[in-house]
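S.K.: This is what each chain is made of:
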Amino acid sequence: MKPGVLLSARGAGKAYAQQGQPRWACRDVSFDLYPGEVLAVVGESGSGKTTLLRLLAARLGCDEGSVHYDLRADLASGPGNLVDLALMSQAQLRRLARTDWGFVEQHARDGLRMNVSGGANVGERLMALGARNYGLLRREALSWMARVELDTGRIDDLPGSYSGGMQQRLQIARNLVTQPRLVFMDEPTTGLDVSVQARLLDLLRELVDELQLAAVVVTHDLAVARLLAQRMLVMKDGCVVEQGLTDRVLDDPQHPYTQLLVSSVLTP
Amino acid sequence: MTALIETVALSKTFTLHGRGGLQLPVFSGIDLSVRAGECLALTGHSGSGKSSLLRCLYGNYAASSGEVRIRHQGAWVNLSNAMPREVFELRRRTLGYVSQFLRVIPRVSALDIVSDPLRRIGVDASVARERAAQWLQSLNLQEHLWHLPPATFSGGEQQRVNIAHGMITAPAVLLLDEPTASLDADNRRVVVALIRAAREQGSAVVGIFHDDEVREAVATRSLNVEQYSKPVASTHGSTT
Amino acid sequence: MIEQHYNFAFLDERTKKRIRRALLKAVAVPGYQVPFGSREMPFAYGWGTGGVQITASIIGQSDVLKVIDQGADDTTNAVNIRRFFERTTGVATTEATRDATLIQTRHRIPEVPLNSSQILVYQVPMPEPLARLEPRRRETIKMHALTEYGLMHVRLYEDIAQLGAISRAYDYPVMVNERYLMSPSPIPKFDNPKMHMNPALQLFGAGREKRLYAVPPYTAVRSLDFEDHPFEIQRWQHACALCGATESYLDEMIVDDQGSRLFVCSDSNYCEERRQFGNVGGQQVVRQEAA
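In order, the protein sequences belong to chains U, L and E. If you read the first sequence in this note's numbering, its first letter stands for residue 1, the second for the next number, and so on. If you read the second sequence in this note's numbering, its first letter stands for residue 269, the second for the next number, and so on. If you read the third sequence in this note's numbering, its first letter stands for residue 509, the second for the next number, and so on.
Worth flagging that the hints you see were computed from the coordinates, not collected in a lab. Check before you lean on any hint, since a few could be wrong.
What the hints assert, rightly or not - Derived pair list, reagent style SDA-like, types lysine to any residue, alpha-carbon separation capped at 20 Å:
1. K650(E) x R95(U)
2. K650(E) x A128(U)
3. K650(E) x S89(U)
4. K650(E) x L60(U)
5. K718(E) x L532(E)
6. K650(E) x G111(U)
7. K718(E) x R646(E)
8. K650(E) x L93(U)
9. K650(E) x R94(U)
10. K650(E) x R113(U)
For clarity, every value in this text was computed on a predicted model and none was experimentally measured.
Just chain U, same shape as in the assembly:
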């Protein structure tokens, strides 16, 4: 483990039993992610990219290999600690998920509390960490809503009254309020109208840049990968068939599948 690594996957794999035989949803994935790096995980449906994201975010346990994360000093027993997620307690993992990590779900509804206001959604993580001043919580919520270009006048509105793009922005704000170092994104712009997608991608690009976020972005859209990520993993049938610099993989694809993917993309 090199010093400075933030997230390290070592031969990570997940299998499901199918008629007595293990079927590997994803297998032997290895990479080291450093602070501020954005990694796109690209593949078609069934490629295992979503399973991989869940393994990395400790929502699933590895059946093979391991995933390690560099816990912040305040959350770990010592500095520079690459801890195996499998060895972390549930309490630690849940706390990590609420503080140093973010997870932007594909459907904003899965990542928001729909029955409380936008402001409450943004403030929740802070409250979970012990914030007890209503005024300060509200100020934080307003500040983050402005940052993600949401109308702050809607702070007390329920998310159900927001448009899809706005719900995604709210989800992003909700995740970033604790200044996580690593954000997982599952198809963050899929399903949105094209113009809404575009603006959201711009926002993500700016935020990642400004906050020096590391991110793992699952997407089937190569254009999203090119725009957001410096690095790319191409997956097919659970395996990583190619990885490297995004521009290199897209401009000079080596693997047959990558070449197929790249040549299949329609450009207007």
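Fit chains L and E to the known structure of chain U by using the hints.
M.R.: Then chains L and E, alone, in the frame of chain U:
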């Protein structure tokens, strides 16, 4: 003067898996070395692999075999086995690239595109924009275009944005792919001056210059890529 | 007149032992909900079966039992439950808080401060303070185990954002021993401060939900709030019309078709005691203001 960019036995062959593994060799066995203040012009007919070579030097294309070395902060970095973050650091501070086409990031203004490389090396945003404005002005890009995204610019206008973007941080190694292709005579002169200034500041330049006049004005040496092309191999290469 | 065909206090001794074991667990972990095997009682869920089972498990021959419902000894439920225990135990009963050793209550804490030889048994409809926010029991179990109570604060934040103040007037959530979030049962928030550092043992039983919990004597019980929106109890502009009390919880009674109201102490024994000592209320009826 120290060499800032070198290649050792650099070779590139494309394998088209979609075409049954068709192999397209581009060049092989290129050794080059460019020192500070030099400008190496890549020559050869179109299709001979000049752009591909330049892209290999940038790390945009993967070398099939051989090595590309860049001098970065006093040490050699081998592009093929460098970590992605090392390559990005390299591209941020040391290695600049002006491609033939501007890959447009939609909805970002020309000024922001040009100032971005400066911001990435820590220059204050307003200072970066000022300098970007100066560059665009010396490249004769009309001011009303500065705040527009370049998607709708003409080829020449896009190229000038590209040049400013690639050169503004005065990288130690500068790669130029047809930087004057769509420019009129006046602007060609401006670019020539910029390239000469870069050389004077100690940059090592590798470029493809279609225009003979430009090439003569900026290049100190040339390398004919054609002499490194292998004869076309059989069309039934490996299919793995 | 003790019923001949039932065991003392209706429940069999084994069941009582089981419940007492659960109670010991509850006392050992203040505020933590302990599951127990709730028995079928001779009245339906929702009528205090949990409280009755706890009382039945700990009542002894020398106890003096008081039963109140919304503060009153003479309402239907209080009368019925008191009679139930009279018939199954023959134990002495009282309406005077000071004379009781065991008090079962629905939705109020007596105004008279309790002492260390008394036990207060609360009837609880829903023991889970997070129930309305998180319906999944698996999740709430985890939240209690990991002290993840942000959700409750989200709810309080939401109240302030939408209504200007925390709107809960009863069943106001508390932190017990600075560790567990607890539902104090639907007592008015007015009564919450009485739970804090109370010399008496406080036991809570939910028969339908099959859980019980406890607050041992002298335990810290803190009502949730925000620094800049601190917890406040209810206050009235009026005094009790019968005894003149200004510090007790008042019930509002409509006395005529014009909507005239009378404010009277909810704790009937407290009010009567005050009157015995010569306190007299203004007996004023509060009339509706002319439109």
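S.K.: Hint by hint, say whether it matches the structure.
M.R.: Each hint, compared with the structure:
Simply put, K650(E) and R95(U) have alpha-carbon atoms about 12 Å apart, close enough for the 20 Å limit, and the pair holds. Using a Cα cut-off of 20 Å, the hinted pair K650(E) and A128(U) holds, with the two alpha carbons roughly 14 Å apart. Between K650(E) and S89(U) the CA atoms are separated by roughly 13 Å; this keeps the pair inside 20 Å, and the hint holds. With a C-alpha separation of about 17 Å, the suggested pair K650(E) and L60(U) falls inside the 20 Å cut-off, and the hint holds.
Distance check on the hinted pair: K718(E) and L532(E) sit about 16 Å apart at the alpha-carbon level, within 20 Å; holds. Only pairs whose Cα atoms come within 20 Å are accepted, and K650(E) paired with G111(U) is accepted, the gap being roughly 19 Å. Taken as a hint, the K718(E) and R646(E) pair is honoured in the structure, with Cα atoms around 16 Å apart against an allowance of 20 Å. The suggested pairing of K650(E) with L93(U) holds, with an alpha-carbon distance near 13 Å, which does not exceed 20 Å.
Under the criterion of a C-alpha separation no larger than 20 Å, the hint pairing K650(E) with R94(U) is consistent with the structure, at around 10 Å. Pair hint K650(E) plus R113(U) holds up; C-alpha atoms about 18 Å apart against a cutoff of 20 Å.
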